[in-house]
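Required output: the full structure, derived from the provided sequences and hints.
Protein chains: 4
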Amino acid sequence: MGNSFGHLFRITTWGESHGGGVGVVVDGCPPRLALTEADIQPDLDRRRPGQSRIVTPRKESDTIQILSGTFRGKTLGTPICLWVRNEDARPEAYEEMASKFRPSHADFTYHAKYGIRNWEGGGRASARETVGRVAAGAIARKILRERFGIEILACVTQIQNLKTPVDPETVRFRDIESNLVRCPSQEMASKLIRLIERTRRAGDSLGGIVTGIARGVPPGWGEPVFDRLEADLAKAMLSLPAAKGFDIGSGFAGITMTGRQHNDLFRARRGKVITITNRSGGIQGGISNGQTIYFQVAFKPVATVMHEQQTVDDRYRNTTLKGRGRHDPCVLPRAVPIVEAMTALVLVDHALRHKAQCQ
Amino acid sequence: MGNSFGHLFRITTWGESHGGGVGVVVDGCPPRLALTEADIQPDLDRRRPGQSRIVTPRKESDTIQILSGTFRGKTLGTPICLWVRNEDARPEAYEEMASKFRPSHADFTYHAKYGIRNWEGGGRASARETVGRVAAGAIARKILRERFGIEILACVTQIQNLKTPVDPETVRFRDIESNLVRCPSQEMASKLIRLIERTRRAGDSLGGIVTGIARGVPPGWGEPVFDRLEADLAKAMLSLPAAKGFDIGSGFAGITMTGRQHNDLFRARRGKVITITNRSGGIQGGISNGQTIYFQVAFKPVATVMHEQQTVDDRYRNTTLKGRGRHDPCVLPRAVPIVEAMTALVLVDHALRHKAQCQ
Amino acid sequence: MGNSFGHLFRITTWGESHGGGVGVVVDGCPPRLALTEADIQPDLDRRRPGQSRIVTPRKESDTIQILSGTFRGKTLGTPICLWVRNEDARPEAYEEMASKFRPSHADFTYHAKYGIRNWEGGGRASARETVGRVAAGAIARKILRERFGIEILACVTQIQNLKTPVDPETVRFRDIESNLVRCPSQEMASKLIRLIERTRRAGDSLGGIVTGIARGVPPGWGEPVFDRLEADLAKAMLSLPAAKGFDIGSGFAGITMTGRQHNDLFRARRGKVITITNRSGGIQGGISNGQTIYFQVAFKPVATVMHEQQTVDDRYRNTTLKGRGRHDPCVLPRAVPIVEAMTALVLVDHALRHKAQCQ
Amino acid sequence: MGNSFGHLFRITTWGESHGGGVGVVVDGCPPRLALTEADIQPDLDRRRPGQSRIVTPRKESDTIQILSGTFRGKTLGTPICLWVRNEDARPEAYEEMASKFRPSHADFTYHAKYGIRNWEGGGRASARETVGRVAAGAIARKILRERFGIEILACVTQIQNLKTPVDPETVRFRDIESNLVRCPSQEMASKLIRLIERTRRAGDSLGGIVTGIARGVPPGWGEPVFDRLEADLAKAMLSLPAAKGFDIGSGFAGITMTGRQHNDLFRARRGKVITITNRSGGIQGGISNGQTIYFQVAFKPVATVMHEQQTVDDRYRNTTLKGRGRHDPCVLPRAVPIVEAMTALVLVDHALRHKAQCQ
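Chain order of the listed sequences is A, B, C and D.
For the first sequence, the residue numbers in the working numbering are 187 to 545.
For the second sequence, the residue numbers in the working numbering are 187 to 545.
For the third sequence, the residue numbers in the working numbering are 187 to 545.
For the fourth sequence, the residue numbers in the working numbering are 187 to 545.
Among these hints, one or two may not hold up.
List of simulated lysine-lysine pairs, DSSO-like, C-alpha gap at most 27 Å [stated by the list, open to error]:
| # | chain 1 | residue 1 | chain 2 | residue 2 |
| --- | --- | --- | --- | --- |
| 1 | C | K260 | C | K328 |
| 2 | D | K458 | C | K286 |
| 3 | D | K260 | B | K541 |
| 4 | C | K328 | C | K541 |
| 5 | A | K508 | A | K328 |
| 6 | A | K328 | C | K541 |
| 7 | D | K328 | B | K541 |
| 8 | A | K541 | C | K260 |
| 9 | A | K541 | A | K260 |
| 10 | D | K260 | B | K458 |
| 11 | C | K286 | A | K541 |
| 12 | D | K260 | D | K328 |
| 13 | A | K508 | B | K458 |
| 14 | B | K541 | B | K260 |
| 15 | B | K541 | A | K541 |
| 16 | A | K260 | C | K328 |
| 17 | D | K260 | D | K541 |
| 18 | B | K458 | A | K286 |
| 19 | B | K260 | D | K458 |
| 20 | C | K377 | C | K349 |
| 21 | B | K260 | D | K328 |
| 22 | D | K541 | D | K328 |
The following residues of chain D were derived to be distant from chain C, with all beta-carbon distances above 10 Å [what the hints assert, rightly or not]:
| # | residue |
| --- | --- |
| 23 | S247 |
| 24 | Q251 |
| 25 | R310 |
| 26 | K328 |
| 27 | E363 |
Keep in mind that the hints were calculated from the coordinates and are not lab data.
The beta carbon of each residue, even a glycine, is placed where N, CA and C say it ideally should be.
Here it is, written out as structure tokens:
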């Protein structure tokens, strides 16, 4: 249970890091949308691990296949099944994990819940599961872009203690993508790359913040009182591996202001209602107000470190375990397309829900 | 749409701040649970506004009525409809709001979405809607307490710049409830009360942090990959009026640590698996690990201030509006039972889901 | 669980035959629909028992109250809670049922499932639960009529062995409502009334068929492969107390034809596609084709008879039980507005779903 | 939308008759169930068309592949993705259907709904979609058999005017499977085979009835008031291609009885409650009563006939169309494993729901 997301644009992801592959079924995609693998592959390539000098290489091409739901390059309105075959299976690399629980990973909790787990590479709890999210998110982004003119971006704005401000109104995709860490400031990017390299050599790992942005969302999306837009964004983000926090607009920082300082005053401008400031982050009372939506997602430092650590085995005996093999000390850059995908999935679902009831 | 929460213990809240009342339908409550109004009223009384010298009085008794789902003091397993009648309706107090949008309230977005709104007191966006949540949450807490031995607590840990640490393992309900602001530190409580009084006199308002705690949750609850326990908690909390942020365990603060510092090492203790530290906040990979669950919710400063502010009216013309009438400059103390309620609702739903699939 | 119906126009009914009342919450109703109690009461009056000489009188006014979701006579887009207070509670009339299971009623199965039941008048399994359905259905019908020009009808076409044909294209509401049994043929109506009176005097009961009709449904509604329009109608009808069968179009009778005889041939007429015959009953492949939708619902004879019958008690000992008190030997006429309501609820939900994805 | 079925054991089917294949994702399967392709393939083989002399051969092996959700032969509790590759794609056979709507098929309605359709072999409306249902149903049956001792059967009991009685209590799987038409009476089977052969030679087609049976379901399954067990069965059956009717227990035939004749009297037997007759079909008030569940599904005659028929094209002009290629004049025998699958899917979902709330 729990592997579906969305109400009207509903995705169900499936697959483990080792096995027949990973994928997603999208139910509810509007018909007659032009769609081929070429619309999806670029986002998957951005998500793919092992592509730069700051991480250990991984030999998977992550090639997407559309198994259903399109006909001659257009969506049919029927379920779209997307599949990426697993290629890089090396079960022998994981033998020790068959019986030992990696600290701060999901090995123990999956064992406790299901009484069984695919210990080859993390199974379902592996970041590889997000392949299906990114693939479905690429479709969602295409709809939002083509039918609503909405632009979705994400970028790395903090790693450990190094942080950079970002202006949600002006930051550009090409600036973000122009460096290995997907940081909008090129100067900060250089620092972050050095920090990651240093940490990698130390066999240690890092966490940080990804900022998500959606520009052009019209007023009116969001379904109070539970399916508030920010509530669904929060759920989407906290459903990501290693995510530990979410805030929107002024967020945690806003609590030091008083109401007079914090309120976003309305003004009329060219027949539209705008706000002078945007501490609300584009959402008020759970519904978009037409301003730019922006939020932060906190990711904890990667749990896999190249050092021996205390832990227990599946017979509940004390032991130790040392990370080995690939080491990806900071997943933040790769989390960027995943945050974008989840943002798009939330928004397109709410676009359809709003249309159904209110238009 | 969007007024239901939960899958198996499913609540649907209804009602506006003005009208026939507010309430909730609970579908999926286990049968044969002893339940009368007396089990629910205390939590509603804790949520009720206007009860202390730090807020403007409000004359509503918020008396709960069970309309269905019980028989001779026991639940039937059928839907439980709970109702609190509205008493304090003073529409005339709101006439100006009929055409003007209060800044940082949901007036404009409801207008943009629905093309109509109940402008008497905020309608559905009013904090009064949470009556239904607290009432349903009282049932959820009872189940968790009686059938699983789980204790749920919340407390105010920060208002504006004044913050207090809290130990999730040891903080006690009676300490929290022993002061007007529901702060576990009595010393800090005095400071917070003075801050609130001062802010109230200034006609201004405050935000802060409520910390939520669940002790005794067994390992195994949570439904990856989307209905992770922390994802559902995040959604629950961000669905609250004025909530702008959520983090769990080490949260936003944890990102300055490295993986070696941050990892929670497992140890075996008396046939159980425990962690030496609890930076995970009791959840790993979306599933409870048996440690105490704790998280923070950031609430922005209250939008209603007793000052004239720029805004627009419903014909999209610039104007001004001044808050009047009741003034509740800090909702944090009242948010405590609401956070508890939402926590209980998430947990009891996951208890049933886990039982269905895995037990 | 199981007390909600619909996805986008979603209703949740609550209430037992004895207790605080019965009602429904409607979530997803479009905003700005004119709606007062006067739009709902007439259908409830048609459903109300005890109104004619063919049944035992029952003293309930079934007065509907709108508790939420409207403002000055218009819907807000927020949940609409509708409530009918119970008036005719006479628990003493049911004492014997506290321990004995009435044959072919739900007493035993509720006991087996929940381990507790409200034995006063059938509790949740009572036909009184349908009050909420009819109330919500009245809103659905109003939307379908005003926004789509759809007319929904139902009528009694068979009781025991007496059956009358009905032409779904031409039958009129006023003809159906012009007799006590809601039979479109006045001649047959007289026979049915005599049959019911005779059966009532014999302390026995009757079953029969209600035919449901929807005229004016546009092509394109229905969500294959599971939420086919006929599948949702079948579920809606089989969710009614005492319903034992459903067929659509040619239904069970159609199986004696060959494909050549049975196929509905398409023809173009004034720029539209019509079918020469309508054995499909207006639905093909789960989607409406623009022709009139018609179907049959079989209701078993009423389980309550005024004779002593063998049964068991809740300690699983053999005993006997004799029906007493009110006797309503044939619920078919009252089932008519309920079938209409469920039809409307299915259709309005599909109207919204179709709009969301395909328009 | 509409491609998922079930709440806790939830399936989502995907795929068209032509394209990358057909499949299903099962979310909610209990962990640690032994499961390999060998558990699923036999039911798929029973569903596969073109296997006997009474139908046109079709060259598809329908080989199932488990893509996810198992590890070393056991289920993980994670989503199980099952896939059958399409092999027999001959788009050229369908060129004429690109622009013409086959009478009583779903061509027109899919066109009307989605504005696009995969006209190669019926696309999503093809019976091939049921591959995913049968595959998921095989898992459901295994759970029901191994964990609850429940046996599910279906058989052909009527084709056109030829009908045979069946005793739900005693009919055996091997008797049903011992003839080409899956009829429990061998004598009737011979007649049916001759009827089908004669009809096939005439280029015409047949409909009939499949009876579904579930033995050993314990009392207590079913979720009133909407998710009654019979309501979910009705929906499941009416979601099948060509299904036009459903009745349970005495069904449509029962309406000619009076209540005294029809009521199932309870008796205590060895500490259990049984009924002397079983006109209820094993379900009372929406909840199983421990007796055998049995029901009928009416299938209309196959729409494809080998004769020229009037129709329209996608520019809404009158034209004609003649069926060609494969001719399968009676799908009833192949519908048997599909009815079994849907029955199993309904029951296992209710088993989990009952456990969640009431156990």
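Cross-check of the supplied hints:
no., hint, verdict
1, K260(C) <-> K328(C), "holds (13 Å)"
2, K458(D) <-> K286(C), "holds (15 Å)"
3, K260(D) <-> K541(B), "holds (19 Å)"
4, K328(C) <-> K541(C), "holds (18 Å)"
5, K508(A) <-> K328(A), "violated (43 Å)"
6, K328(A) <-> K541(C), "holds (20 Å)"
7, K328(D) <-> K541(B), "holds (20 Å)"
8, K541(A) <-> K260(C), "holds (19 Å)"
9, K541(A) <-> K260(A), "holds (22 Å)"
10, K260(D) <-> K458(B), "holds (26 Å)"
11, K286(C) <-> K541(A), "violated (52 Å)"
12, K260(D) <-> K328(D), "holds (13 Å)"
13, K508(A) <-> K458(B), "holds (22 Å)"
14, K541(B) <-> K260(B), "holds (22 Å)"
15, K541(B) <-> K541(A), "violated (37 Å)"
16, K260(A) <-> K328(C), "violated (37 Å)"
17, K260(D) <-> K541(D), "holds (22 Å)"
18, K458(B) <-> K286(A), "holds (15 Å)"
19, K260(B) <-> K458(D), "holds (26 Å)"
20, K377(C) <-> K349(C), "holds (10 Å)"
21, K260(B) <-> K328(D), "violated (37 Å)"
22, K541(D) <-> K328(D), "holds (18 Å)"
23, S247, "holds (23 Å)"
24, Q251, "holds (21 Å)"
25, R310, "violated (6 Å)"
26, K328, "holds (22 Å)"
27, E363, "holds (23 Å)"
Going down the numbered hints, you'll see the structure goes against 5, 11, 15, 16, 21 and 25, while the others check out.
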